[in-house]
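Peer 1: One letter stands for each residue in the lines below.
Protein chains: 4
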Amino acid sequence: MANKDGKYTTIHYQQYLELEKILSAQTLRSEQLQTPAHEEMLFIVTHQVYELWFKQIIHELRSVLELFKTQIVGEGNIGTAVSRLQRVEEILKLLIAQIGVMETMTPLDFLDFRGYLFPASGFQSFQFRAIECLLGLPNQQRLTYHNTKYNSVFPQEQQDELDKIYADGTLFEVIEEWLERTPFLKLNGFDFVAKYRQAVQQMLQQESEAIQASEYLTEKEKAMRTSMVGSTDTYFQSILNQKMHEQLLAEGKKRLSYEATVAALFINLYRDEPVLHLPFCLLMNLIDIDDLLTTWRTRHAQMVLRMLGNKVGTGGSSGHDYLAKTARQHQIFTDFHNISTLLIPRSSLPKLPKDIKAQLSFHFTADS
Amino acid sequence: MANKDGKYTTIHYQQYLELEKILSAQTLRSEQLQTPAHEEMLFIVTHQVYELWFKQIIHELRSVLELFKTQIVGEGNIGTAVSRLQRVEEILKLLIAQIGVMETMTPLDFLDFRGYLFPASGFQSFQFRAIECLLGLPNQQRLTYHNTKYNSVFPQEQQDELDKIYADGTLFEVIEEWLERTPFLKLNGFDFVAKYRQAVQQMLQQESEAIQASEYLTEKEKAMRTSMVGSTDTYFQSILNQKMHEQLLAEGKKRLSYEATVAALFINLYRDEPVLHLPFCLLMNLIDIDDLLTTWRTRHAQMVLRMLGNKVGTGGSSGHDYLAKTARQHQIFTDFHNISTLLIPRSSLPKLPKDIKAQLSFHFTADS
Amino acid sequence: MANKDGKYTTIHYQQYLELEKILSAQTLRSEQLQTPAHEEMLFIVTHQVYELWFKQIIHELRSVLELFKTQIVGEGNIGTAVSRLQRVEEILKLLIAQIGVMETMTPLDFLDFRGYLFPASGFQSFQFRAIECLLGLPNQQRLTYHNTKYNSVFPQEQQDELDKIYADGTLFEVIEEWLERTPFLKLNGFDFVAKYRQAVQQMLQQESEAIQASEYLTEKEKAMRTSMVGSTDTYFQSILNQKMHEQLLAEGKKRLSYEATVAALFINLYRDEPVLHLPFCLLMNLIDIDDLLTTWRTRHAQMVLRMLGNKVGTGGSSGHDYLAKTARQHQIFTDFHNISTLLIPRSSLPKLPKDIKAQLSFHFTADS
Amino acid sequence: MANKDGKYTTIHYQQYLELEKILSAQTLRSEQLQTPAHEEMLFIVTHQVYELWFKQIIHELRSVLELFKTQIVGEGNIGTAVSRLQRVEEILKLLIAQIGVMETMTPLDFLDFRGYLFPASGFQSFQFRAIECLLGLPNQQRLTYHNTKYNSVFPQEQQDELDKIYADGTLFEVIEEWLERTPFLKLNGFDFVAKYRQAVQQMLQQESEAIQASEYLTEKEKAMRTSMVGSTDTYFQSILNQKMHEQLLAEGKKRLSYEATVAALFINLYRDEPVLHLPFCLLMNLIDIDDLLTTWRTRHAQMVLRMLGNKVGTGGSSGHDYLAKTARQHQIFTDFHNISTLLIPRSSLPKLPKDIKAQLSFHFTADS
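Residue numbers (our numbering), protein chains in the order written: chain E, 710 to 1077; chain W, 710 to 1077; chain C, 710 to 1077; chain F, 710 to 1077.
Hint data in this document are derived by calculation from the structure and do not stem from the laboratory. Since the structure is predicted, the reported quantities are computational estimates derived from the model, not experimental observations. Don't take every hint at face value.
The list cannot tell twin chains apart, which means a pair is met if one copy fits it or any two copies do.
Unchecked claim - Mimicking SDA-like on lysine to any residue, the simulated pairs with C-alpha atoms at most 20 Å apart in a straight line are:
hint, residue 1, residue 2
1, 929, 721
2, 858, 722
3, 764, 737
4, 802, 868
5, 931, 857
6, 764, 745
7, 730, 857
8, 764, 803
Just chain E, with the same shape it has in the complex (with noise of 0.2 Å):
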């Protein structure tokens, strides 16, 4: 096919790669010292796969904060937004297969050219510290190690880089944003809130009621479970409580806003209606990028346990237990995991009306 202006330009898979450059990029420390350690091109060629992968996440994440920040987003943005966290989600399944074929080197293997890597180390890779920036890691939830900050192993330039990245508006941010801008609080009138909360005192009375004219329970058993309800009673109104929430943000026990939660929360409750269809997806991108990280933290971290050991530094914390503990301090959206807890049963749910039930719909007909 033609390009552009209609010229042609053949081109040879090689050079369209530019394999010259990557094949060309395995240098074996052991080898140029003249003690060849077979397992070193393992080494090298799974970090750089680790990082072509990385730079591929990173130009996604790029591209999706570009949607929400520079666009009116439309459904159409919401859609390719998606499409882009699912890829995301798959090349980190990926990273995470890739641990077992790392693990196919076993310590031994390790230790012949370790000491040649010195002190070089994963916690150096500037791709990894953006796409937490990206996705909107902040700075003082990370763990520090040795009592160093995170980025101090980089030189000046780059620790700039990432904090502009940081500052100039992470994923979490933009989702909140357009969470925030969604009108989902007060449809025509609707009062979702209120309504939701009038749902849930009703199913907690229904549950105690139940309890009470039970037959198959011991009275001991009554007591406590009708203490559990109160308990998940106190719990929602505290939940449902928009000065709650600005204090739990306040102290740094929540991140997400109170609009956004509560947007958040009615998406994932009324997500059969077709327009919500695709906010769900995004919602639940969020958590699956999550979750992958994790798993990829503890595969991670069990992979230095069996190279390394244990072994305490003269900082007081091995390798192994920074990175297992990492696995869940650096978590980013778990108050999009948390909306699981407000869920109530389908059954229970306040029915909308009937003129925004129309609004969230497709008017989609051969003749209209």
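Given the coordinates of chain E, assemble chains W, C and F onto it according to the supplied hints.
Peer 2: Chains W, C and F in isolation, oriented as in the chain E frame:
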């Protein structure tokens, strides 16, 4: 929580899952005959797991058929259908991975109890045949094994049931009908096929000119490429030609109706329009399921080769050969795969008129 | 083929697999109560599949224990043990992948029938607890949930059975005993531990000198690195010291005996010797199984978070929190992971005397 | 740690991995031509990752060839070969999984930049062809594409290199030679082939008698099964017959020499003997690698069908068709798969004489 009638029915994990039944259904023939073969347990458990997943797949497929058959198909239903078909995909991936577990048994291990199974065979999985029927594999497309009908291994009652499942309407058919019902052929006077044919012509014309004008190509290369453009031209003409299409249908070389094909093409081309997002996902589901089944059949054939070798039986073909051939022969949604052949670059696509574009979007604003 | 007595017993796939039992064991509570919830089938099938695989894992673990307990452990047995533990690994990989299928159910789908399950819970899987006992997870290491013993959810009979399984000898114990029986501590007058300690000293000495001689390091860096070498020195000394080891055992900070630890170290270091190939595979199996269980627990905890959120119950900790913590707390073969901490590069390894090396090789010639 | 000469060479992750080269090798044609296509990055990165893994596979295969070619093959080497071939398997699994990432690009996305690639094609991967040559795929077995030699897409220099790789000795050949060197045909006067033929006769005789004696079979079924036993008889006779084997070799219907086939059969049958454990693993590696390549080819063909459809080119066959056919045609270790056809149950196996059994065990005792 209380059930519908406010009655609590306390239940234990073990009873709920009917584990007594499930976990007492592994009777090792080799043990009964006092020649215990350790691997027979793996053989039984693996196949039972297959059958459980088959039941789940049937549960999903039946529910999707129901959505398309008895209800008005709204966008909500399509979202549900897409989710359930995606679940089928996830299960199929697991079934493929599961072959790896079976392969931890070596051929010699298998021979320790294989004699006791005679003549039980995987061909006798009623549920697997039911899945093929539900998806829409026609009897006449099935490869025969030693000249016997595929379902002759079942009692008459089950044969009838399989025929009934197929006759009652398959996934292929309900999707075809749904596509035929879509209003994409002539939207508000926008004759999609005519416009599309025109766009193709223009694209090919430009390509021809570009080839002639190229300074990088030899005369011989120019001739070769011009002829390729020519054959592409012929191809597109034949495809968007209803009469030719009908003839291919009559000859059994195609299966999907002309109207459905055009609708599927439209959905593929304009899938960025919000209203087409879910329909596009649905078409992708069909292709994914077909591909996963092909992979499963290929892997399964490989496993049989590994276990039993390629011994040619009295009927003239080995189990491996037969299974390997079904991998391609039993593909069901080939016509959907072939839509790709018809696509042209977005830059050459006919632009949709404004009113049609509006029709394909959500009307979704805070104050509307 | 004929069975042992020359009798043919023809059998059909369906009967052999007892499919009538297997496929009739899915009773949807939600259907019984006339509020059918589509996803309840998935919930039941997934858990039944888990239990089938658990049964298979138990079958493998019991057979491996048998190999180590009642028979003289020859190399043939180790080969068999390795194959069966590898099968357990493949099954665990499948169980991890299977979580992805469960996650196609959304929290709201789950709520449609969750109430009917009450109070059934995954904590009530007897077979999973049996697996933990067979592997060797001690009761005192288990995290308590709301201050109740892990097995209080089972009837007394099953509690006793779990205790008995643990008491009858676990994988941890039989491997420990087997390691203690190996003759690697003092082979023909070759005192491995003494030689090894010497090699470590020499290696560290060389490192110190290299640091001092380096022209690339600042004085500050030299001091830092010398101190690191120093702490490594202390570490190695403490580890290969039998008295200190016994004390750590007494304090519950270690679990593997001194003799077994040294044998495991020997196998890791000299695994290239033919006779040590299978023993090394066996040790790797333990680590792999531990890692896979950790990954499964982590993924499972994530799924619970996704389904139910992080609601804190009356007992003060959420289901997710509890499960996430068990991921690390319930690791069983930690001491085997930690062997890596003790390894030194092949180039620093003490050479084995010729007669010992010969002992560790096959004598395998055509005319011998 | 210090390097060999006691010199510290401090190095940064970024330099060690030559990331500047790696991460600057993605030049999007579509961007150069000012029609940026988002998915072109994915296309480039995915292929670069493929090529990096290909390099790693070549690294492993070359080292395995070296082990078999230049050194005396001891058991230690076989252990190393097995580990490295298992690594190749893990990488191939990743390459298969990676197709899923590529498939997140839709056909229409691909068309946005496909024109710019012309005529670059995956057929032009030199490294992939090198892998096929290293494994031992003969030129004459390769499917031709449009009547052109597979390597005509490469410059003469690379064509010569591929020929040289094949001529220098392939994995198929070195394994065949190693098998021929094994002393399993006549061990201390134990004529394995004769004993085996005898055991087969006896087994078949028993089967025939059992069929005749059966009270469960009709006369017709008896006749059918007796004829099957007969054809099995013919089969075994032909196989263990050296003359017939030589003829099949001459006709190109077999590739593995008679001696190597018998040795491979011996290893399969007596793999429970300690000394045969690793040789058996090695033979399994060959089958696994073949199977994984088949799966990869099948998946790749499916992806091409999905992206480009099944348009038949001027040469008469589509890309998809060609690739799908290579899946079976390009299998290399078919003769090793077919060993399974020759196996008989353990219970019918000729017992090894005591002295030979001893020869196949380790001599491994504390006081020896």
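Peer 1: Against the earlier hints, flag every one the structure doesn't satisfy and list their numbers going up.
Peer 2: Numbers 4, 7, in rising order.
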